[in-house]
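Could you build all of it, start to finish, from the sequences and the hints given here?
Number of protein chains: 4
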Amino acid sequence: MRKGEVMSSSSGTLFRVTTFGESHGRAVGAIVDGCPPRLPLSAADLQPQLDRRRPGQSPLTSARAEEDAVSILSGVDQGLTLGSPIALLIENTDTRPQDYASSAKGPRPSHADFTYRLKYGLSAQSGGGRASARETVARVAAGAVAEKFLHITHQVDIVAWVSAIGGIEAPAPSAHNFTRAQVDATAVRCPDPTAARQMSQAIVEAQKAGDSLGGIITCCCQNIPVGWGEPIFDKLDALLAQAMHSIPAVNGFEVGAGFSSARQRGPEHNDLFSAQSGRLVPTTNRDGGIQGGLSNGAPILFRVAFKPTASIAKEQQTVTYDGQPLSLKLTGRHDACVVPRAVPIVEAMAALVLADAALRA
Amino acid sequence: MRKGEVMSSSSGTLFRVTTFGESHGRAVGAIVDGCPPRLPLSAADLQPQLDRRRPGQSPLTSARAEEDAVSILSGVDQGLTLGSPIALLIENTDTRPQDYASSAKGPRPSHADFTYRLKYGLSAQSGGGRASARETVARVAAGAVAEKFLHITHQVDIVAWVSAIGGIEAPAPSAHNFTRAQVDATAVRCPDPTAARQMSQAIVEAQKAGDSLGGIITCCCQNIPVGWGEPIFDKLDALLAQAMHSIPAVNGFEVGAGFSSARQRGPEHNDLFSAQSGRLVPTTNRDGGIQGGLSNGAPILFRVAFKPTASIAKEQQTVTYDGQPLSLKLTGRHDACVVPRAVPIVEAMAALVLADAALRA
Amino acid sequence: MRKGEVMSSSSGTLFRVTTFGESHGRAVGAIVDGCPPRLPLSAADLQPQLDRRRPGQSPLTSARAEEDAVSILSGVDQGLTLGSPIALLIENTDTRPQDYASSAKGPRPSHADFTYRLKYGLSAQSGGGRASARETVARVAAGAVAEKFLHITHQVDIVAWVSAIGGIEAPAPSAHNFTRAQVDATAVRCPDPTAARQMSQAIVEAQKAGDSLGGIITCCCQNIPVGWGEPIFDKLDALLAQAMHSIPAVNGFEVGAGFSSARQRGPEHNDLFSAQSGRLVPTTNRDGGIQGGLSNGAPILFRVAFKPTASIAKEQQTVTYDGQPLSLKLTGRHDACVVPRAVPIVEAMAALVLADAALRA
Amino acid sequence: MRKGEVMSSSSGTLFRVTTFGESHGRAVGAIVDGCPPRLPLSAADLQPQLDRRRPGQSPLTSARAEEDAVSILSGVDQGLTLGSPIALLIENTDTRPQDYASSAKGPRPSHADFTYRLKYGLSAQSGGGRASARETVARVAAGAVAEKFLHITHQVDIVAWVSAIGGIEAPAPSAHNFTRAQVDATAVRCPDPTAARQMSQAIVEAQKAGDSLGGIITCCCQNIPVGWGEPIFDKLDALLAQAMHSIPAVNGFEVGAGFSSARQRGPEHNDLFSAQSGRLVPTTNRDGGIQGGLSNGAPILFRVAFKPTASIAKEQQTVTYDGQPLSLKLTGRHDACVVPRAVPIVEAMAALVLADAALRA
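Sequence order for the protein chains is Y, C, V and W.
In short: position in the first sequence from 1, add 5, done, that's my numbering.
In short: position in the second sequence from 1, add 5, done, that's my numbering.
In short: position in the third sequence from 1, add 5, done, that's my numbering.
In short: position in the fourth sequence from 1, add 5, done, that's my numbering.
It is worth saying that the hints were derived from the structure and are not from the lab.
Just so you know, nobody snuck in bad clues.
A pair holds if it fits inside one copy or across any two, identical chains being indistinguishable in the list.
Calculated pairs, DMTMM-like style, for lysine to aspartate or glutamate (alpha carbon to alpha carbon, straight line, at most 25 Å):
1) K319 / E273
2) K213 / E273
3) K110 / E273
4) K110 / E10
5) K213 / E320
6) K334 / E320
7) K153 / E72
8) K153 / E10
9) K153 / D82
10) K334 / E273
11) K110 / E320
12) K153 / D73
13) K213 / E71
14) K213 / D189
15) K110 / D82
16) K334 / E210
Remember, it's a predicted structure, so these values are computed and weren't measured experimentally.
See the structure below:
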């Protein structure tokens with residue numbers, strides 16, 4: 006045993022979540038520790054987001070057949086939370102470890118196989134590892150608890166959508182107040198119908214070609230009171246940045262004007278204040294709703310970049326663990342583009358960060 | 006007292022740093038709790054990075070005259086660390102709270118004034134607040150301790166540089182192994198001489214116009230062993246994302262190919278492995294040295310976007326705290342572009358994240 | 006929602022445990038987050054300690070019929086730990102919330118009813134609360150994981166026993182190296198046969214009288230390497246003191262000579278060193294194996310005081326929540342003395358503290 | 006570097022304290038991170054408790070001449086806290102590392118020398134280490150901040166006193182509401198005049214004989230609202246137990262009836278409730294103000310056992326680090342009995358725990 010082999014699966018300060026479970030083990034789940042008591046909560050509150058993340062929901066997504074039905078094992082009595090830990094369980098029903106035989110000889114490129122094996126001495130490529138995106142089922146379930154709490158106590162509204170896939174970028178919308186129904190109108194979850202059509206087509210073509218695509222998700226959180234977040238290390242955008250980068254395949258995060266603000270001048274960027282019904286509000290939102298690390302009452306707006314799915318059917322020239330040349334063609338059930346299914350994951354991670362900020366605030 | 010008023014100024018799990026001090030108070034400083042014993046350390050190890058962050062170091066930077074001389078109050082005896090907390094103190098010598106009178110009536114746009122006042126009931130605009138970039142002096146001092154530890158134990162090498170200012174972007178370098186001397190060859194800290202010249206000129210012009218500019222810093226960390234980071238919530242890129250977004254004025258973070266990976270296809274993005282002297286290494290580095298949240302032995306490469314300085318001399322039409330129209334012209338000593346001085350801050354935050362990862366690994 | 010209503014059910018820094026589940030809900034369980042990979046582990050390793058804690062194991066204990074069979078839902082594959090969170094589940098099969106009707110009107114004396122109700126707005130008296138000793142099932146399961154880890158990596162041996170019940174105190178043993186088999190030779194778990202007989206009789210009489218008894222458990226941890234623990238706030242005895250006081254009904258903790266050291270003089274108390282096979286060892290153990298907060302290689306020896314069971318059948322004159330006189334006779338299935346069944350709980354909490362200390366050390 | 010060498014000097018969840026400084030270094034101090042804003046605070050609020058802990062305050066205590074004057078370096082502006090970290094500094098003025106030459110050859114019995122040296126590879130015996138009771142200066146300063154916060158927001162009143170020294174035990178008082186003035190009426194800080202006289206005499210005699218004495222401190226905390234503490238691992242008594250055991254030389258802790266409750270029967274122990282002015286209150290206080298880990302509104306009452314000072318002038322037969330026989334006679338300035346000076350330390354640690362509980366509640 007070396008210390009370095011230990012891994013932590015917990016996040017949050019007061020509203021804490023711990024996820025557990027391997028992709029090809031018995032079950033995945035989460036413990037939500039720190040949810041306040043006396044909130045109405047049932048499995049029916051959690052299932053819709055799990056269904057949005059579920060494989061097999063459209064022809065664009067992986068064919069793994071998982072019901073992903075969630076059970077609440079503790080922390081709720083007679084439809085109300087008790088304040089005690091909420092244990093959430095989702096059983097795995099369609100595991101196929103045998104699909105991973107081809108990758109047992111060498112590390113899959115741009116995957117966690119290589120680093121897991123060197124750190125933990127374990128094969129993550131069995132699909133049984135924690136690195137699988139199946140771990141995010143538990144995050145979505147826990148995030149739905151956080152969302153329920155935020156909605157009841159502060160009417161917080163969190164909606165994410167796909168704004169780019171491959172090279173196809175949806176035009177900037179005039180407003181960011183989409184509903185989830187609007188987002189779900191297309192299988193790619195892009196509310197711009199023209200872009201959505203092009204994206205769908207691109208995914209289908211990539212799938213046929215054994216190829217994969219990346220993309221960008223935009224997320225908007227409304228009704229956040231002024232003052233959530235901490236001003237030094239735990240700035241609200243810093244915690245969101247960590248949460249989003251903790252999602253598999255994420256390579257970038259930006260808030261408000263983001264990277265484009267690096268090209269702006271002060272007068273172009275600065276959000277001036279005006280008075281509306283006795284309250285000060287910023288008239289523009291280039292800071293994305295966060296100033297000095299604290300929410301300023303404007304919608305919190307951020308974007309998350311996903312790289313293309315690392316698992317591709319196309320042949321790749323890599324090496325075995327012994328350093329011998331290996332021509333790798335991955336089988337198994339993989340999405341050519343994970344971005345549409347990642348929408349509820351982004352919402353879940355945002356909800357977990359905001360619920361913790363609400364309790365700390 | 007409401008709970009929400011509390012702020013935390015600590016970061017890290019095993020290698021922990023807490024910063025303290027207000028911009029216009031007696032002193033700023035940091036406690037480094039968790040640095041291993043028996044490492045050679047003296048103030049002379051810390052001063053160079055403080056000097057690189059110091060105001061007044063070039064005509065491009067603020068004229069505040071601070072020596073920023075650091076004292077080590079504890080944790081070091083006879084030139085060696087003791088394993089006990091290292092207290093670092095930097096006195097403030099050139100404070101001018103009176104400069105902030107003009108902004109006492111209304112919140113400065115895109116500053117922390119508004120959110121601080123609503124959350125803490127305090128005026129941050131006196132310059133005495135924690136939101137001032139002066140707080141980063143303490144981070145730079147603590148980061149230099151982390152860097153010394155990383156260098157001695159693992160020969161880790163961290164170098165950041167300016168890759169864009171305003172709209173001027175330096176061409177992508179063929180390699181990322183600059184030295185700090187190469188970076189410091191120009192006052193703007195951009196190792197491309199042509200771009201550096203244009204950037205300098207742009208800053209001088211913005212300064213004259215009472216305007217400000219944003220920019221991008223690229224950072225490369227070399228000699229990181231395989232396996233640093235945690236695979237779920239505390240992925241190494243997630244912790245770096247948080248650390249960078251905790252720096253004032255940062256609006257975006259990306260690792261490896263970052264946002265551009267959203268436009269890539271799998272075969273373009275994937276880092277194939279090859280064998281070199283008996284070890285597997287990725288032949289490209291689009292994942293920026295991190296796979297599945299763990300370092301993969303390749304250089305860790307990331308970019309940080311800074312918005313333009315919020316404090317500008319140009320007149321801004323905003324409102325007072327009472328909602329009355331306010332025409333604001335900010336005086337005081339501000340950098341038209343903070344990005345060159347932020348280079349050692351980015352390095353410091355990277356070092357703090359990596360030192361903690363080293364102890365957890 | 007007020008913040009104060011939140012409760013935390015987690016403990017530990019690197020080897021972390023979170024328990025969940027209500028006494029009269031569906032299940033209780035624990036997540037062990039931070040257990041190193043590649044350790045052999047199965048449910049069979051955990052069941053013996055759960056059986057030692059189980060109700061109905063002897064005529065001296067509560068008649069609630071729970072099998073307390075533990076399932077491992079995650080974190081173990083092919084008999085080896087994966088390094089990922091280990092989820093442990095124990096279903097509740099014999100719940101009887103109706104038994105608690107009599108205590109719904111007023112708070113049971115010296116119970117958690119009153120404080121829970123005022124803090125959480127919830128009735129803990131339904132037996133559904135977290136205050137029930139049933140929560141300790143989860144600790145025993147998690148502690149058995151910790152014990153396995155400690156045993157494999159360091160041959161650590163943890164054995165606790167009953168040293169006093171009511172006024173009956175077993176004579177101080179000449180050595181503290183009992184085995185669990187020796188401890189379990191009597192139902193009261195006191196290795197002194199004479200005292201054990203008297204204790205058994207005292208419990209039977211108390212039971213008949215509708216009365217209850219307190220007692221003391223002594224615990225000895227062997228083969229702890231020098232240097233576990235932290236020297237300032239997280240001294241090893243401090244962490245053990247917290248862990249033991251977190252067990253329901255515990256009112257006191259002492260290490261080594263404990264309270265009797267307050268009556269000693271320096272030369273009587275001080276543990277002199279001698280050299281044995283090239284290593285320094287203390288020749289006596291009045292410090293209980295811990296000096297300056299760090300283990301010193303001698304057995305860690307501590308004692309834990311339990312108050313008498315608060316739930317008694319004897320009539321008690323108290324008041325309702327409305328302040329009206331209430332004559333309370335508690336029914337339900339309660340132990341007249343919890344101390345024998347608390348032996349594996351003390352061992353479990355010791356193991357959790359030591360496993361965390363091992364990873365931090 | 007091995008990981009085990011790291012030490013943590015921080016404590017608390019929301020109201021956090023980190024202490025720093027070595028006994029024979031430049032200074033000792035603390036950072037209080039998480040103290041709410043807008044509380045009146047000045048060094049004059051902190052100095053009285055530092056003076057009560059100071060050496061040289063009476064003929065019974067060590068002759069080290071330290072003013073222990075505290076400076077507030079940050080976190081306070083115009084007499085009010087800012088919510089930001091409060092840095093407290095106390096310079097060391099009378100250091101004498103040479104006094105420790107005699108113990109350089111072998112570990113002092115029942116000291117931290119042996120364990121520190123094996124863990125950190127450092128000589129703690131130079132007096133420069135963190136194991137010195139001088140570290141508690143910083144706790145007393147930080148505790149005084151916590152006390153100010155508790156007093157202003159909740160009128161919390163914390164008073165500790167000496168209840169036993171050597172074998173001399175003060176009779177149980179009829180009430181526990183002493184003032185600090187009453188406690189300080191005698192140099193031994195025992196409010197019972199007869200016992201105080203005997204204790205003083207015993208200390209003087211021990212001092213002459215080159216011997217030392219242990220003792221017991223009782224502490225009473227009044228006006229604690231119902232519901233502070235957490236019900237599972239962070240029970241209020243558990244956190245107090247940890248805090249008290251983190252004080253050097255502490256070997257035992259008990260709350261309410263404590264160890265004597267192990268000899269009680271249910272009806273003797275249980276605190277019945279009665280109604281007083283519309284509120285339920287326990288009519289007795291055998292649980293020491295804490296039930297189910299949460300404060301119940303009654304005074305919190307606990308006792309702390311201190312072992313005799315380990316540093317004694319009397320000759321001790323021990324061994325050198327090389328295992329050679331060593332006859333050790335310790336010189337230096339040590340208290341024959343630390344218990345009277347530990348009274349403000351116990352109060353400080355209680356205040357730190359309660360302030361954190363107040364913020365979490």
